[in-house]
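Visitor: Heads up: the protein sequence lines correspond to chains C and F, in order. Numbers 1 to 471, taken from this note's numbering, label the letters of the first sequence in order. Numbers 472 to 942, taken from this note's numbering, label the letters of the second sequence in order.
Don't read these hints as lab results, they were simulated from the structure. As the structure is a prediction and not an experimental result, all values here were calculated from the model. Treat the hints loosely; a few may be bogus.
[Stated by the list, open to error] A short, non-exhaustive set of chain F residues, derived as facing chain C with CB atoms under 8 Å:
#, residue
1, Gln546
2, Phe635
3, Gln793
[What the hints assert, rightly or not] Computed Cβ-Cβ distance ranges for the label pairs, DEER-style:
#, chain 1, residue 1, chain 2, residue 2, range
4, F, Glu540, C, Asp119, 52 to 58 Å
5, C, Ala100, F, Ala840, 35 to 41 Å
6, C, Gly272, F, Glu540, 55 to 61 Å
7, C, Glu468, F, His568, 43 to 49 Å
For every residue, glycine included, the Cβ atom is placed at its ideal position computed from N, Cα and C.
There are 2 protein chains.
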Amino acid sequence: MSQHSYDVVIIGSGTAGQSAYNQVVKHTSNVLVVNAGPWDTTCARVGCMPSKLLIEAAKYAQASQHASEFGIHNQTRIDAKAVMQRVQHLRDYFTGHAQAVVDQWPAEHKRQGKAHFIDATTFKVGEDTISTKASIIATGSIPRVDPQWQQALKHKLLTSDTIFNLPALPKSIIVVGSGAIGIELAQALARLGVEVTLMGKGNDIGGLSNPDLRKLATALLTRELNYIDNSSIEQVYLEADQVVLHYHRSLPGQHNQHSGQVKAEYLLAAIGRESNINTLGLDNIDTKYQGIKGAIQHPLTMQLDDLPIFIAGDVSTTQALQHEAANAGRVAGINAAHYPEIQPFEPYTGLSIVFSQPQMATAGQSHQALTRANTPFACAEVSYRTQGRATIQDKNEGAIQLYGCPQSHKLLGAELLVHEAEHLAHLLAWSIQQGLTIEQLLAMPFYHPVLEEGLRTALVRLRAQLPELAP
Amino acid sequence: MSQHSYDVVIIGSGTAGQSAYNQVVKHTSNVLVVNAGPWDTTCARVGCMPSKLLIEAAKYAQASQHASEFGIHNQTRIDAKAVMQRVQHLRDYFTGHAQAVVDQWPAEHKRQGKAHFIDATTFKVGEDTISTKASIIATGSIPRVDPQWQQALKHKLLTSDTIFNLPALPKSIIVVGSGAIGIELAQALARLGVEVTLMGKGNDIGGLSNPDLRKLATALLTRELNYIDNSSIEQVYLEADQVVLHYHRSLPGQHNQHSGQVKAEYLLAAIGRESNINTLGLDNIDTKYQGIKGAIQHPLTMQLDDLPIFIAGDVSTTQALQHEAANAGRVAGINAAHYPEIQPFEPYTGLSIVFSQPQMATAGQSHQALTRANTPFACAEVSYRTQGRATIQDKNEGAIQLYGCPQSHKLLGAELLVHEAEHLAHLLAWSIQQGLTIEQLLAMPFYHPVLEEGLRTALVRLRAQLPELAP
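Chain C extracted, bound-state conformation (with noise of 0.2 Å):
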């Protein structure tokens, strides 16, 4: 039992965390990292990076079948055993660079342990009291659980912590929820020959919330996946070593149900995510912090009410992105280390991907956001359909929507469903953040044949439907 104090104290040492860690660092020695689990990301380990390694599997058993169209035959046979491998060996390679970060930490700036708020300034790690001027809250979320099919189940429910430690490919496998994670790894475990059904709660689909693309990639999914929408489980056991999961369906306006079975393997459920901010005790500075969820500090500064305390990362978000975390970390160590004198930061404009296939983005405001705000916007759709550089790859499907504002003619969003969309997304992204409109990016180069002409015929159309600038 001893006490400490320091100048800031960072909870979490995964990508938020590290982030902080870099910024406070240059404004003070006397700094905590207190880390609870494994001193990595939960991107190198669990998240991003196995998750495209899987994906990038797929991407090649579907190209060997898909070569066939181009004149090249394959006789195709995946070995179930070393797609895993390779997902393995490369998680563990990013893995150890993301834990060679750490390494390079002097020893006292780290602490293993859990640590507990007895309030604002002081906390409880183990037996230690610690005290501190400002800290950082960036413990991470981790993947929601029914504790009744864990019961149930047991090593038979996997979720994206567990998948990929799987020793091979399973046989057939239940996904539970068609959010980002269930589409990705639904649609690569189908293309690498996995029997796959997918469950949907309603007919939420990846990312996207335009109706009319996301019907689209409702129909383009369903080709290869058995998609089970508007669905709620009703039981799951195991039989024989087996996962069976009853659910009833009923279809939105229909009073009719329908039940049904099915059986897999495996279960995994990819049903969201859960911040882990409950377990350290901020109950203890207010009443008020007792059970909460989700982003409650302050967006642009990070900043915990008027508190010392600073929360970045996915421990405060219902998306798990990278990028946003390590920018919510930079911004959290910069104004704990400078704490009381805090500033605000410009937030990224908006960019999510999901790597199905096609993929599936957002740039900037999405349609429900805008649809939500009031936010007048006008709208054009280009199907990718005959789109010149698809038709040559043979990728000729989905569609893209762009958002412009009828006054100032800015581009205010945009959400893609075609093949590379993580790239057209960055050009958007970029665009809206500086605030460009439809004629200024006009102005700018398109090469031929490439995908981002499809931009430029939806640019056309959308400043069709703008009013006139005031001149």
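Guided by the hints, dock chain F onto chain C, whose structure is given.
Guide: Coordinates of chain F only, in the frame set by chain C:
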């Protein structure tokens, strides 16, 4: 023999001519397009489109082999006829689209034939004399051929005009010329199982000017290509229906010459393109136009000296770039229609892409352009050997080079030798066209894990090399 008088005559109906026509008809219907060849575009018939189609097939062939790295094992059979059939089928589809545009023009706007200037406002087309207030030359270019080779090799000598008509992939080919077209086709054919020898004159490689990237590109391409650089061709002839080519090879700074010969089914001449400007009788207007080549018009107005003549598209450039041809046609169209009131138009920021694997791209000013103009610049390189997403994709090769202005901190240019460079190049070209500084670029969102993050690394390195911005 008859006399006609027009407001604008457009000579050539390709990309630049069509683009000019679209502008001219906004102002006058007294317009004539005179065209000597087919009423489609170089791009669709023998340029961008068929080459990208062949390259796409090559990607699938390469992916089929490469899939084993991901645990996906293919026994691959390449159907040499089917590969070419898809290329031809879709080429005809794109050509049909280009023709369909022209089919919509009124018959009285079109005239098949060859135009010959008598003076600055009068031509002959066949027996007819045509006078016009203004004219636009958009007659394009054709692949350069050596008449001796033509005579010696007959139908065994191919150019980009003829290679896409082959009924099947050849067994073997000698590609002469290591510029964009030579590299693209040599690599694609090699990946499709054709035995390829690539002959280079100096050590030019594709579209890169940066010495480090050129070295790297040579190293990457010679892994899969028999590339004989610094060669001069002594003799070509046919022997038992095979092309035989004798060459000398002398490395710069070395006295020893090496001689050799290669044999193949075909020889593809990819030694540049020649403007079609010299057959128009421009020397009847002024003898100084005798034997002219390349860009002689004003680069911002497209006007030829102070004449009512505008020049647009491949006819006046060494690089055949569709998006530049379309833009030049637009400018020429507007200015010809308004003649004598003409105005300069802002040019696009330079953007060129070679669709090799990895791709080569230049955005803004190249290393060579900056060096030749004695522009002060700082330079930062990032290798993609350990880039995250590229590692996931097993495409972690190549590098990028960014050039920045030490005074203004603006990004001046970039050269890229990485996979998917086409997308990164758009991001950079748009940023350069807007005059963004390194600091402004670093405030943009970079998703994770994406290839764009390599740009951020390069921007950080570039910033570290620049003196502080004057406050």
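Visitor: Would you mind marking each hint as holding or not holding in the structure?
Guide: Outcome of the hint check:
1. Gln546: holds, 4 Å
2. Phe635: Result: violated, 13 Å to nearest chain C Cβ.
3. Gln793: Since chain C brings a Cβ to about 4 Å from Gln793 (chain F), closer than 8 Å, the hint holds.
4. F:Glu540 / C:Asp119: 52 to 58 Å: holds, 55 Å
5. C:Ala100 / F:Ala840: 35 to 41 Å: holds, 40 Å
6. C:Gly272 / F:Glu540: 55 to 61 Å: violated, 34 Å
7. C:Glu468 / F:His568: 43 to 49 Å: This hint is violated: roughly 31 Å between Cβ atoms.
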